[in-house]
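Peer 1: Line by line, the protein sequences give chains A and B. 14 is the number of the first residue of the first sequence in this note's numbering; add one for each residue after it. 10 is the number of the first residue of the second sequence in this note's numbering; add one for each residue after it.
FYI, nobody ran anything at the bench for these hints, they're computed from the structure. Hints may be right or wrong, so weigh each one.
Result set (PhoX-like, lysine-lysine): computed pairs, CA atoms no more than 20 Å apart in a straight line [to be verified]:
hint	chain 1	residue 1	chain 2	residue 2
1	B	Lys48	B	Lys68
2	B	Lys48	A	Lys255
3	A	Lys139	A	Lys115
4	A	Lys255	B	Lys21
5	A	Lys139	A	Lys164
6	B	Lys48	B	Lys21
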Amino acid sequence: MFERIAHTAARWRDPDHRPRVRAVEATLRAPNRFTPEALTFAINQQMALLDASRLEAWIGTRSAAQPLTLGVFSAGNVPLVGLQDLLAVTAMGYRYLGSVSKKSDFLLPAFAREAGLDACFDAADKVWAASDAVIVTGTDATRTWAEVQAKRHGIPRHRCLLRGHSYSAAVVDGRESAEERERLAEDALLHEGLGCRSVALVWAPETLSPDPYLESFAHMRAVFPVHRNTPGTLAMQQALLKALDASHAYGEGLEFLVSRGPAEVQAPGHIRWVPYRESEALAQGLLAHRARLQCVYAREGLLRQLPGELRLERLGMAQRPALDWQPDGKDTVAFLACL
Amino acid sequence: MPDTIAKRLSHKDVAQNFTRVRGAGEFARMAHAARTYQKRHCRVYGRYPYTYLPIAAFKQAAVTCFAPDQAAAVFESSGTTGVARSHHYVRDLALYDRAITAHFAAVFGEGPFTLLVHLPDYAPQSSLVYMARLLMRAYGDSASGFFLDDTAVLRRGIAHAETQHTTLLLFGAAFGLLNLAMTQRWTLPPGARLIETGGMKTHRKSITRAALHQRLAEGFGIARHQVWSEYGMCELLSQAYTRGGTAFYPPPWMQVEVFDPERIETPLPAGQTGLLGVVDLANIHTVSAIMTEDLGVRCAGGFEVLGRLEHSALRGCNFLLKNV
Chain A
14 MFERIAHTAA
24 RWRDPDHRPR
34 VRAVEATLRA
44 PNRFTPEALT
54 FAINQQMALL
64 DASRLEAWIG
74 TRSAAQPLTL
84 GVFSAGNVPL
94 VGLQDLLAVT
104 AMGYRYLGSV
114 SKKSDFLLPA
124 FAREAGLDAC
134 FDAADKVWAA
144 SDAVIVTGTD
154 ATRTWAEVQA
164 KRHGIPRHRC
174 LLRGHSYSAA
184 VVDGRESAEE
194 RERLAEDALL
204 HEGLGCRSVA
214 LVWAPETLSP
224 DPYLESFAHM
234 RAVFPVHRNT
244 PGTLAMQQAL
254 LKALDASHAY
264 GEGLEFLVSR
274 GPAEVQAPGH
284 IRWVPYRESE
294 ALAQGLLAHR
304 ARLQCVYARE
314 GLLRQLPGEL
324 RLERLGMAQR
334 PALDWQPDGK
344 DTVAFLACL
Chain B
10 MPDTIAKRLS
20 HKDVAQNFTR
30 VRGAGEFARM
40 AHAARTYQKR
50 HCRVYGRYPY
60 TYLPIAAFKQ
70 AAVTCFAPDQ
80 AAAVFESSGT
90 TGVARSHHYV
100 RDLALYDRAI
110 TAHFAAVFGE
120 GPFTLLVHLP
130 DYAPQSSLVY
140 MARLLMRAYG
150 DSASGFFLDD
160 TAVLRRGIAH
170 AETQHTTLLL
180 FGAAFGLLNL
190 AMTQRWTLPP
200 GARLIETGGM
210 KTHRKSITRA
220 ALHQRLAEGF
230 GIARHQVWSE
240 YGMCELLSQA
250 YTRGGTAFYP
260 PPWMQVEVFD
270 PERIETPLPA
280 GQTGLLGVVD
290 LANIHTVSAI
300 MTEDLGVRCA
310 GGFEVLGRLE
320 HSALRGCNFL
330 LKNV
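Please model the complete structure; the sequences and the hints are all you need to start from.
Peer 2: The following block contains the structure:
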């Protein structure tokens with residue numbers, strides 16, 4: 014199984030591989046915010062992770078104790094999101110029954126088909142009706158909906174892995190290198206700010222000028238152009254910030270929007286620059302968001318100074334999650350192993 | 010309609026006559042007068058280059074055409090701790106009262122009703138509580154009142170409506186009423202109406218409005234068409250009501266359009282989902298044209314609310330909105 018997945022991934026690393034080309038073309042036509050450049054990045058990044066030894070190290074010998082059907086409801090705002098669940102479920106010997114967002118319903122099925130995984134995709138109601146256990150990723154509303162559905166279909170609580178709404182943050186202190194600033198730009202903007210790992214809030218010392226970071230954002234946009242629909246969604250917010258005399262900056266053509274203010278999450282593509290005075294206030298600010306924070310990114314040296322209760326990663330890792338990363342701090346493989 | 014409506018209108022004409030507006034032409038003239046006045050006198054709106062002011066403005070500034078310290082009341086939106094709340098500075102409570110009562114009377118009649126409200130009565134900053142108190146005063150009978158845990162109030166109200174043959178109106182937040190229905194099975198008197206005032210935003214797709222109404226109908230022993238909804242918010246002085254279905258119908262002085270969230274102020278045709286933009290002439294002293302964060306769709310003569318365009322939905326996954 015691991016070999017088969019690894020071989021498929023190796024083929025998918027080739028941008029001209031026909032199934033990948035077809036899936037990419039169809040995905041770019043779907044109602045999402047994927048750009049060709051970001052999509053290529055995401056596929057290459059995910060496929061690079063899939064070698065047999067990494068899979069082996071991640072799953073190990075853990076396997077399904079009984080042949081259950083896992084209903085998996087995947088988010089659709091970031092390319093190939095849900096791949097980790099697909100691999101964990103099938104590699105452990107469960108039957109995967111997925112419901113994917115219409116925003117991106119080609120990539121996962123195409124990969125699963127080519128890898129010969131025991132995976133089917135269907136409409137949400139059919140998935141609920143046929144599932145013994147579920148993994149649901151979405152908003153809080155999705156989570157509540159899933160709780161109701163699980164109850165209705167007699168799926169006990171311990172067989173539900175529900176992931177709610179979260180976002181990520183970064184902390185900077187002015188000592189970031191140019192490369193680290195570019196990584197922050199990638200963390201915040203690559204998928205138009207979408208996805209729980211994308212940086213929505215940037216904590217910075219009160220006296221720190223955001224200019225070098227804004228420059229990095231602009232550089233990043235030269236490599237990864239903005240999606241055509243992002244400026245339209247930011248236009249109203251930018252106009253309001255201007256009307257309110259609120260401190261803000263934006264890229265040419267509204268490629269991104271940054272506003273200074275309290276730690277409140279804005280719309281995707283709109284990053285909130287949160288000034289802090291002292292490290293204690295920073296820690297308090299971060300911990301106040303703890304329940305919602307997926308990850309906090311900072312340069313290596315700064316990570317050690319941040320509260321250890323948070324999930325901390327280096328700048329530049331937001332869009333490069335490891336194979337065994339644990340969304341919401343919950344280990345998917347451990348959940349599956351207990352079913 | 011006074012002659013002045015047909016002539017050049019001032020904001021005072023709008024304030025005096027908005028509840029008497031009839032037809033699209035009159036509405037457009039009043040809306041134009043309101044916008045002209047508000048662009049000139051409301052600092053935030055004057056600097057905003059588009060028509061529909063994002064509702065978030067009410068969280069970040071005093072959106073008024075007058076000095077905020079002259080407000081007769083300040084209503085505050087509900088919200089979670091740590092998240093900024095909207096503030097609506099109301100210049101003239103009499104005008105607010107007219108907006109509430111004129112539409113209520115047009116929709117429900119003038120009572121008297123046994124008006125029971127499943128809300129706390131101790132929230133002076135809540136526009137909903139203000140509205141409920143006003144309606145009780147204007148149209149309620151002696152058995153009317155607020156209640157939360159004390160369900161004896163509801164039992165007494167039901168008995169009163171049955172013996173006195175009054176129409177019982179039960180107002181409350183959607184999931185509060187649902188919880189109430191789960192504590193025990195109720196049977197409201199014939200002709201009663203249950204009006205849920207929202208509060209679905211944290212449960213947006215966990216239950217559709219239609220399913221919620223069905224469950225409320227079952228829980229309160231009434232027919233599905235006796236369950237209505239109210240669409241209102243702290244930032245708007247007017248309300249819209251459903252009438253036994255899922256479509257909301259605004260009063261003649263309130264117009265609701267649906268806009269493309271990705272193309273600023275680009276209206277969408279009926280049937281397409283987008284952001285709800287509201288023009289409420291009753292908001293004459295603040296800003297009438299508001300871009301809400303509600304997603305909805307236009308339908309014959311009204312609109313449906315499908316959920317909220319939350320940043321969480323955008324950042325995470327809201328596939329259910331499309332898929333289910």
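Peer 1: It remains to establish, for every hint, whether it holds in the given structure.
Peer 2: Do the hints match the structure? See the list:
For the hint linking B/Lys48 to B/Lys68, the alpha-carbon distance of about 19 Å falls within 20 Å, and the restraint holds. Between B/Lys48 and A/Lys255 the CA atoms are separated by roughly 15 Å; this keeps the pair inside 20 Å, and the hint holds. Our distance criterion of 20 Å between C-alpha atoms is met by A/Lys139 and A/Lys115, whose separation comes to about 16 Å. For the given pair, A/Lys255 sits about 29 Å from B/Lys21 by alpha-carbon distance, which is inconsistent with the 20 Å threshold.
Under the criterion of a C-alpha separation no larger than 20 Å, the hint pairing A/Lys139 with A/Lys164 is consistent with the structure, at around 15 Å. Distance restraint check for B/Lys48 and B/Lys21: the Cα-Cα separation of roughly 15 Å lies within the 20 Å cut-off, and the hinted pair is therefore satisfied.
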